[in-house]
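Using the sequences provided together with the hints, build the complete structure.
From first to last, the protein sequence lines stand for chains A, B, C and D.
Going by this note's numbering, the first sequence opens with residue 1, and the numbers climb by one from there.
Going by this note's numbering, the second sequence opens with residue 1, and the numbers climb by one from there.
Going by this note's numbering, the third sequence opens with residue 1, and the numbers climb by one from there.
Going by this note's numbering, the fourth sequence opens with residue 1, and the numbers climb by one from there.
For the record, the hints were derived by calculation from the structure and aren't laboratory data.
All clues stand as given, with none of them false.
As the list makes no split between identical chains, a pair holds if one copy fits it or if it spans any two.
The calculated lysine-lysine pairs, modelled on DSSO-like cross-linking and capped at a C-alpha distance of 27 Å, are: (1) Lys334 <-> Lys344; (2) Lys297 <-> Lys123; (3) Lys281 <-> Lys2.
Single-letter residue listing:
Protein chains: 4
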Amino acid sequence: MKYSFANDYSEGAHQSILNALCETNLVQTPGYGVDDFCERAKAAIRRAMKSETADIHFLVGGTQTNFTVISSLLRPHQCVISSDLGHINAHETGAVESTGHKIIAIPSVEGKITAEAIQAVLKEHAENPIAEHFPQPAMVYISQSTEMGTIYSKAEMHSIHKVCQDYGIPLFVDGARLGCGLTCRSSDITLPDMADLCDIFFIGGTKNGALFGEAVVFNDPKLGRDFRYMIKLRGGMLAKGRLLGLQFEQLFTDDLYFKLARHANEMAEYLAEGIAALGYKFDAAPVTNQIFPIFPKKLIAELEKDYSLTFISHVDDDHDCMRLCTSWASDKQKLAQFLDDLKKLS
Amino acid sequence: MKYSFANDYSEGAHQSILNALCETNLVQTPGYGVDDFCERAKAAIRRAMKSETADIHFLVGGTQTNFTVISSLLRPHQCVISSDLGHINAHETGAVESTGHKIIAIPSVEGKITAEAIQAVLKEHAENPIAEHFPQPAMVYISQSTEMGTIYSKAEMHSIHKVCQDYGIPLFVDGARLGCGLTCRSSDITLPDMADLCDIFFIGGTKNGALFGEAVVFNDPKLGRDFRYMIKLRGGMLAKGRLLGLQFEQLFTDDLYFKLARHANEMAEYLAEGIAALGYKFDAAPVTNQIFPIFPKKLIAELEKDYSLTFISHVDDDHDCMRLCTSWASDKQKLAQFLDDLKKLS
Amino acid sequence: MKYSFANDYSEGAHQSILNALCETNLVQTPGYGVDDFCERAKAAIRRAMKSETADIHFLVGGTQTNFTVISSLLRPHQCVISSDLGHINAHETGAVESTGHKIIAIPSVEGKITAEAIQAVLKEHAENPIAEHFPQPAMVYISQSTEMGTIYSKAEMHSIHKVCQDYGIPLFVDGARLGCGLTCRSSDITLPDMADLCDIFFIGGTKNGALFGEAVVFNDPKLGRDFRYMIKLRGGMLAKGRLLGLQFEQLFTDDLYFKLARHANEMAEYLAEGIAALGYKFDAAPVTNQIFPIFPKKLIAELEKDYSLTFISHVDDDHDCMRLCTSWASDKQKLAQFLDDLKKLS
Amino acid sequence: MKYSFANDYSEGAHQSILNALCETNLVQTPGYGVDDFCERAKAAIRRAMKSETADIHFLVGGTQTNFTVISSLLRPHQCVISSDLGHINAHETGAVESTGHKIIAIPSVEGKITAEAIQAVLKEHAENPIAEHFPQPAMVYISQSTEMGTIYSKAEMHSIHKVCQDYGIPLFVDGARLGCGLTCRSSDITLPDMADLCDIFFIGGTKNGALFGEAVVFNDPKLGRDFRYMIKLRGGMLAKGRLLGLQFEQLFTDDLYFKLARHANEMAEYLAEGIAALGYKFDAAPVTNQIFPIFPKKLIAELEKDYSLTFISHVDDDHDCMRLCTSWASDKQKLAQFLDDLKKLS
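Okay, here's the thing in structure tokens:
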């Protein structure tokens, strides 16, 4: 059996979630997320955010969350600005377009886009005398951490938010990997900061210890108006909504969410240091739980006998960039074994 | 704490599912439903269906399943025929229309529509000299059991399918409550029959012992072409797809799916007999796990102190029709207590 | 060559429009409706409306106008209330649904719906504790004159508008046949009244003397925000937008629009009186330029040798209801001939 | 009054069209394009194409035609490949995305994309093991002539078509300026060739002598199945459809369509030669009726006192690229005057 670094959703859930599932299994609740589990989970998240007013909703998965939020806030002629590598642009089968909205993709550096580049797009549209022949940019979407494992600093995110505010449009942060983004060594952003640094974000559960589940936070509750209709309409309203509440309640008890993310980051750091020590380079500097080493193709072929990695891109005739993910469930012994094997094969 | 008859998804999951979750939690799998759990579940369902060719996919919820299937098979100008009480027409926030398709609603009797009424719609459109000014009916959607708890007999479903075949359009059966539909006393349809009686159907897990999950079956695999794109596009592709496979594997081991449904039906029968014995009428004859007694409003007010029921409709100034659901998790002692209380209040 | 009563768009355009087309043919203008022709036409309509603030846009056709306006103002979870016979519900190939919105159809009497019926729908939704499982009614659509040739009185339209205002939603009036609606004998509504009686309406050119063209009026300019994007997005922005301006400028010069409509109504009245004098009944009382006599099938077969009529519905084994349209172009001699022929055949 | 080179739809229509309009104005026809004018126009186009089987439909405008055709042929998960400068990608307010489909934009050279680049996109998708996470490319869209005034040679278009056929997807050619594309000096493609070189194309009337109108041609009638529903659904079905038939009948009488296009090309050639003779460069080699000279900004400011040009892009601090369009209506005397003025200002 190969050990998988292919993604951060290879295993089930943290044991505390399984325990809670088993203990509360026969409790009866109303359906569709209006139960006590959900209420307690929302309260726990608001406490962790130090916000009393945030409007919080739970959905099952990230793609679903992205297009539900985006299509909820855009009028038919409006589009969303994203990094070219943004998950909505690059990995979601055109789900956002399927709801009727174009994505304006800005070329990214290490998965990130800048306030300046965003402003340039907004300014060009605002000054276009025949603007109505082009979709109107009306939202900015970024991911924290990004699809390349990097993070926006507080100053960077603040600048992006400032541009959005100048143009009167919301900033939406895809937090499928928010835990790793907030807890990595170089992060200077806390969860409470997120209440000021953007307008909407989500807290990813799927990739950080839950069986599934994403918690959408509207910092300004007006933006969340009628959002329960949207969840239902887009197929994201779980009949047994309690399952989402239960999981987020566990994750936001005793800082579990952050502990799990920190573990994932530490494991990635351990891996990255071991790989770097053997002289390998990375396509983007390792920051969170996704690392992107460049390996010789022959080495990759050997490694893939015992490990699952994800191919990212061809670097040259002899080298490919691969992605290795760690997670809350990563086992340091397996990682040590991997580094040992890598050493032997190098 | 009130005891709830409000729906059939008030509790968590059957114990065997929880056990399997806990036992396999740290097994690593690839994401998005291409894992061994899903493969085993599909094989188990094919065995239960006695079909070797059915194309099977797992989604999280019923609304999602309905609009994903319907929008997958219709061209932009096409519409779907449904009962006026059909879940897609009456309870899904316009999700089907949101994908661009009108629903032609046929008035139902006890939740059912007839082959004759369907044929009349199809014939009228086919013979309309300016048909292009109207949406083209290109699919029929029925539920088994229906939203009123009733079922289509084999002859009825066969007639409807025959009309669909005559007009070259698929019949899609919403099986959110298929278990109860197939195992109730008056049913003459088996799961293998479903391979012949319709073109697409789904096997509901959410309302029959699973935490969540619906298994879509394309009897003709050609109809399922590219369906994985559709699932992803519509937000229904669970990252930890294994969870769907695991649950359906359990449900289709040792006939568990049918045993659970039979229990729900038996509990409903017990309730219905007790209610009828006290002289109350029903809005539709009790057949499966949803029953629709007509109670005096004053009685309802008393009952609601200890029980959750669902209001359906006003019958007259003094009487309302209520829905009571049973499920795999119904506790006969609680039901006996309810009947006792009802007797005292009557 | 048969004489056609089949519709009110059988001929080309009023001569003054052709003259203006020929005279201005080589004048150069910018494209897409930002030319002087359009500006003058808007000014002329504002004068006729006695409104200085109305936001006016020109589109090519009625179906296009309907779905462009409706989809511009609704969020994804919202739906529009219409008469069951409303053009959007009954004759537009599901175009509104194609933009993602359900239509709630209220049964009509002679093509009309009442403020009470509309209020009942809005009240039921507003009071529904699980409203998010249903599309949210957020606009009312009526036609003046209606699809049955009838009209709303000022009091009726005012009542409907009042309900809309109470619920904070706009009233949109389809004026494909507004000219006939305003100028018929029983009308008590003037064009300036329309500024108060609804939120958006359109002034139909296609069916009243133009080659094509509908003028959308947003009484509150805020509702028309970004509407030029919508027109472009939905394919309604004519490159040579001048053609729309030119036609509406002609129609709103010397009251031509109203003169043409009055002619159509007078011709219908002449026809209806002649038909009634022969003892025939009508399916709806003749009011504007569409009349709905009930004729024996054998008579219809004879008439159809020389005239085009439109079949509406079967009345009984021997009788059908037919529609006869008159228009700005109706020739009284032909009508007299028809009545003569009808008399001979009766 | 400035003379406008801003576009090729600044004037009305060719005189023969106005004459026909006036002469046939009171002829009665059925609505929606099923009249004799349309039938004769289709026959005339089929004769000009030397095709007996092409399925032909008339729509009002180009954006409308593009999204109606594209959304008619794609399933929800499919996308269309285009040049980055393609009209659908760059000038249509996201209309294609609004129907639910992503556009994959390939960087163009002088407005053109290559068979190799298209094949690379198709191959990458076909070989992707997780292809369902990406939209499926299922159509190729190119423009002839392109948005930069250039044209595809017969060999180039054949190569692109071959790639499409290899992957089983249709090639759709936007012919808003097909006349100029076919009649320019360097063209080696004839209208009959178009029946073999692509699957669907349209013949632009708006930019070549008509008031409006585009004729869509499905070389394989199966691709046009139910297309009249699509036209109605998307708002493109003109009530007085005769107007489209009448115009295309005139355009395809005595080769008028080609004569008009040839005039536009000759006028552009005359302009381009005059401009080049003064030493100015072009952003793309002048080929058809759109030319893209690079002028000093000061010169542009002077020219714009008497002429309308279209700004395209900044070239450097002192120079901009401008677009000048000629058309069927271009007056050689005005062009001579422009060249004189340019000479004086240079």
